[in-house]
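K.L.:
Read off the chains here:
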Amino acid sequence: MGIVATAAVCAVLAPSLAPHDPYSQDIATRLRPPAWAPMGSPEHLLGTDHVGRDYLSRILYGARISLAVGILAVACSGLLGVVVGLLSGFYGGPLDRALTFLTNLTLTFPFMLLAIAMIALMGSGFVNMILVLGVTGWPIYARVVRAEVMSLREREFVVAGTALGGSPARILAAHILPNLGNLIVVLASVEVARMIIVESFFSYLGLGVPPPAPSWGGMLSEGQLYVLTKWWLATFPGLAILVTVLGVNLIGDALRDLLDPALKTAAPG
Amino acid sequence: MRGYIADRLVDTVLTCVAISFVVFAFLHLAGDPAMVLLPPEASKEAVAGLRRSLGLDDPFLVQYARFLGHAARGDFGDSFIIRDKALGILLERAPATLELAVAGLLLGVLIAVPLGILAAFRPRTWLDHVASIASIVGQAVPTFWLGIMLILVFAVSLRLVPVSGRDGWRSLILPAVCLGVYLAPIMMRLVRSGMLEVLGQDYIRTARAKGIAERVILWKHAFKNVGIPLVTMIGLQFGRLLAGTVVIEVVFAWPGIGWLTVKAVRTLDYPVVQASVVVLGAGIALVNLATDLLIGYLDPRIRYR
Amino acid sequence: MTRLIAALFAFTLAAGPIALAGSAHAAPRGQLVAALDSDRESLDPHQATGTIDYMVLMHVFDHLIARNPESMKLTPGLAESWKFVDDNTWDFRIRKGVKFHNGEPLTAETVKFSIERVLDPAQKSYLRDRFKGITQVQVTDEFGIRLKTEKPNPVLLERLTNLAIVPPKYVKEKGDAHIAKNPVGSGPYRFVEWARGQRLVVEAHPGYWGPEPAVKTLVFRPILDVGTAIAEMLAGGVDFIRLVPPDQIPVIEASGKGYITSAPIIRVIYLNFDVVGSAGTGPVQNIKVRQAISHAIDVDGIIQHVLGGRGLRLGTIVNPMKFGYDASIKPVPYDPSRAKQLLTEAGYAGGMKLDFTTYAGSIIASRQVGDALAGYLGKVGIQTNRQHIEDIGLFSNLEKTGKLKDIYLGSWGSWSVFDADMILYPRFHSSEAFAYVRDPKLDQWLDVGRNTVDPKRRMEAYAQVQRFLAENSLVFPMYAQTSVMAVSNRISYKAASDETIALWRATWKN
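Chains as they are written, first to last, in the working numbering: chain A, 6 to 274; chain W, 568 to 872; chain G, 523 to 1032.
None of these hints come from the bench; they were simulated from the model.
A hint or two may mislead.
As the list claims (entries may be wrong) - From chain G, some residues computed to sit far from chain W (all C-beta separations above 12 Å):
{"hint": "1", "residue": "698"}
{"hint": "2", "residue": "743"}
{"hint": "3", "residue": "754"}
{"hint": "4", "residue": "758"}
{"hint": "5", "residue": "786"}
{"hint": "6", "residue": "872"}
{"hint": "7", "residue": "919"}
As the list claims (entries may be wrong) - Partner residues aside, some chain W positions facing chain A, computed with beta carbon under 10 Å:
{"hint": "8", "residue": "637"}
{"hint": "9", "residue": "773"}
{"hint": "10", "residue": "850"}
Said to hold, decoys possible - Straight line, CA to CA, 20 Å or less: simulated PhoX-like cross-link-like pairs of lysine-lysine:
{"hint": "11", "chain 1": "G", "residue 1": "646", "chain 2": "W", "residue 2": "652"}
{"hint": "12", "chain 1": "G", "residue 1": "634", "chain 2": "G", "residue 2": "696"}
{"hint": "13", "chain 1": "G", "residue 1": "810", "chain 2": "G", "residue 2": "901"}
{"hint": "14", "chain 1": "G", "residue 1": "670", "chain 2": "G", "residue 2": "696"}
{"hint": "15", "chain 1": "G", "residue 1": "646", "chain 2": "G", "residue 2": "634"}
{"hint": "16", "chain 1": "G", "residue 1": "654", "chain 2": "W", "residue 2": "652"}
{"hint": "17", "chain 1": "G", "residue 1": "621", "chain 2": "G", "residue 2": "673"}
{"hint": "18", "chain 1": "G", "residue 1": "703", "chain 2": "W", "residue 2": "652"}
{"hint": "19", "chain 1": "G", "residue 1": "901", "chain 2": "G", "residue 2": "875"}
Every residue, glycine too, gets a C-beta built ideally from N, C-alpha and C.
From just these sequences and the hints, can you work out the full model?
P.N.:
Pasting the structure below:
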């Protein structure tokens, strides 16, 4: 929790925390190592990048972009996917068939191609990146939620709820959703991380959040070439991603323990 | 069961047709192939002539029907860029991607399932922690970075495998590991959380209380219930593999269809894009069909709904 | 974790070579593997569109005229000698006894066929524009050929270094689609195998008319990620890398596996403006904005720091090694405050956003140079909407269809033609695919330059073009590139100024 909070604080407070303007370059002082390494200077705590921008400042600002891409993309895709999955799994019948077909269609359409085609058509950019990730990411929630709802629907407590005349909305809210929490949280926490990583793939292919905006994925892909000589270029954004993913997962685990239906249903006996 | 299979088959065919429609419509919106094929100084008559010969002046649906008719016979036309049969260009590279995808998926499952099960059986022990840390690291490491690292360590320093290219099974190892590591974490977490949930349920606890050996519990009850989300997930991952394979193909100079298609999309090489999307889509649809059937077999409730 | 892997790597790097000296994966002797940064699309020399295709196919095909790798002067190729009969007529004597790799003899008829194939509009050859001034190809005797041009054509000899001679019988029998995959030429190497996306293999042709190459087998491999290509060289899997980012030179040099060979080349790097708005209207159609951009960028700084001093600052887009270079045009000085002032005058005091495209391939360290350019533009208030394209074929398709909006980082290698015509005409003549500039005055001067024999008048015409370009800031010339090639320690090879890779000149060390 603390980790993600820290990352979020970095993101929000980047302008006041960052020692330098993340876009301001000085190519005379490019590729400087971190302050503690030989040749490093206290001016640039984490060194400078290939055009002499302060690396710490870029990492801090990068938190904004990477977290925003991850969270917003998951929010988009998760909301869409859960709604589709719920409706599809709960109501079944023709609605289910139609929605399942749509889900399968999106899944079957090769994801990367769809995303690349969309970016080729709309141009690369921050908002487009989120849209593309959101539009291509929802089916996974839909399928998993649908499968789970279908098997929950047969469980005793739901069957009982229906038999007692509960309205579908009430049954969804009272019985099904809480039982899905676990699954959705696990999925979403993995997906936030995946979105951050997928953005880095796009950067590697030259289609990500376009430079000079600092995204961790983009910085990592730029640093990849320098692994043998300028180790800090890939290491720091890599660590930032790693720590954030760790944080997101820990939150996911904590929430899951909080929501765990097995514990909840087991406790009252 | 037969009705269920028929349903799924119809779905699969419909999906393929729908994909072909989506890609056709999408490219129709994206740009005019006559402009791609001819230099900008081409005269208006030349453009008009080409449009006529390509049938671009016909109504959209007529064009689509013609495309579908040709596609059904495996004819997607010649690539605008490479000047060769689009389907041929694609199919000569398909084995490389398929090989990589299958090897990566297998490796992913081989990593994910045992780790997930072990972690669930010994929750909150060191084993569980190691497994979850491994999965987090696996998620957080982008394949292009992992790829170059694997190359530097195992190919450059240790000289155990070739650096890049597709030349015998040894050259498959690093790309497949990369893909496996990319795919494993989400599967592992699913297996672990699914197993935990199942292990917490009454019938398992009853079984345990009755003193049935843990191995029997595992295979007979628990794993059967984890199987559904897992198989679903593998089906899902297959479609997603491409996201990983494009990057891996670039890093390892692996001659697959990923990069070819990315390039085709961006150069408006319609025949190749269409062939690629339809072929890949059909492949993924078939995998999904297989997973649906498997789920139907694992959980009869689904097919009798 | 990353640190851990880095440490592990440092360890294995130190321990590895001792433990496992002598790799099982090193390329066998006699075979040279060259890494290319993109994949080929066609092996038909009249269809291939890029400089790299030309460089690769030079190993298989001969041209009428060749070039001395040291002096860059034209030398006999398949044409033993040539004569300037009158302003519109050239006579060539074709080398006797030359045979194609399939045994087909090479005669004047063969040459005629090749030229006419390029000129045939149905072929849609990219070379056609360069030769369309040829009105008649006459066979005078078995080994004599006469070319008649519509107008005087002073660049013809230079251009003939681009026109590959193909075997007529083979082409007619097998068809165009076949030759695109199975090329047969008369060059130092004959085609063996092409697995698209994987490798192109050629082997030394024993009956070659010229000196026999020392390297018997050449393998060209497309490796898009230069990091992978460098790793291949460290592991001994690749002997040649065409473009090495200057920041990676120490990696090659410290490895003990290879060395760097460099030469100033005729490729020039520039910032292109979509002056006519072929991809859409934008601020760069305003001259003040273009001037502002030219003042905003510290090209000397980029050369010194990003390229490690490798590069020659230019005031004009014509390379100094070319005929037609105008030395009187000085580079636009770096002056960010002037740039800001110009932007204010143009009505963009509040800044603006431009599409900015860069691409990998041919431009050394293109991503770093592109980032530096974007940074300089940012300093004067020009935000960039950046697109970096990782494949040269893809880029040139967008470029030649006029789809690159606002500005892009461009480069022009001139296909080894040392004449101003080969950059100014295709880039600035309104009839050309690459033109993002159109002006009747330019057309007129360029036509004079292309169709006049008198070198003085040509010089004048090109000086006018270059002055016009500079006065109106129609393009921002930055620097002439210096090639940075990595060569493995197994072979000797020296980079040449025409940017070609001529591996038939490579020799084995010891």
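K.L.:
Each of the hints needs a verdict: does it hold here or not?
P.N.:
Consistency of the hints with the structure:
Chain W draws residue 698 of chain G into its interface by the beta-carbon criterion, the shortest separation being 8 Å against a cut-off of 12 Å. At roughly 6 Å from the closest C-beta of chain W, the C-beta of residue 743 of chain G falls inside 12 Å, breaking its exclusion from the interface. Against the 12 Å criterion, residue 754 of chain G falls within the reach of chain W, whose nearest CB is about 5 Å from its own CB. Non-interface status of residue 758 of chain G relative to chain W is broken: a Cβ of that chain comes within 12 Å, the nearest being about 9 Å off.
No beta-carbon of chain W comes within 12 Å of the beta-carbon of residue 786 of chain G; the shortest separation is about 30 Å. At roughly 33 Å, the least C-beta separation between residue 872 of chain G and chain W is larger than 12 Å, which holds for a residue marked as non-interface. Some Cβ of chain W comes within 12 Å of the Cβ of residue 919 of chain G; the nearest lies about 4 Å off, and the non-interface call is violated. Because the smallest distance between the Cβ of residue 637 of chain W and any Cβ of chain A comes to about 20 Å, over 10 Å, the interface hint for this residue is violated.
Using the Cβ-Cβ criterion of 10 Å, the hint placing residue 773 of chain W at the interface with chain A is not satisfied: the shortest such distance is roughly 13 Å. Given the 10 Å rule on beta carbons, the hint for residue 850 of chain W holds: about 9 Å separates it from the nearest Cβ of chain A. A distance of roughly 18 Å separates the Cα atoms of residue 646 of chain G and residue 652 of chain W; the hinted pair therefore holds under the 20 Å criterion. Pair hint residue 634 of chain G plus residue 696 of chain G holds up; C-alpha atoms about 19 Å apart against a cutoff of 20 Å.
Restraint check for residue 810 of chain G and residue 901 of chain G: the C-alpha separation of about 17 Å stays at or below 20 Å, so the hint holds. Only pairs whose Cα atoms come within 20 Å are accepted, and residue 670 of chain G paired with residue 696 of chain G is rejected, the gap being roughly 30 Å. Between the alpha carbons of residue 646 of chain G and residue 634 of chain G the distance comes to roughly 18 Å, so the proposed pair stays at or under 20 Å and holds. With a C-alpha separation of about 30 Å, the suggested pair residue 654 of chain G and residue 652 of chain W falls outside the 20 Å cut-off, and the hint is violated.
The straight-line distance between the Cα atoms of residue 621 of chain G and residue 673 of chain G is roughly 33 Å, outside the 20 Å bound, and the hint therefore fails. Of the supplied pair hints, the one linking residue 703 of chain G and residue 652 of chain W holds, its CA atoms being roughly 12 Å apart against a limit of 20 Å. For the proposed pair residue 901 of chain G and residue 875 of chain G, the alpha carbon gap of about 13 Å is at most 20 Å, so the pair holds.
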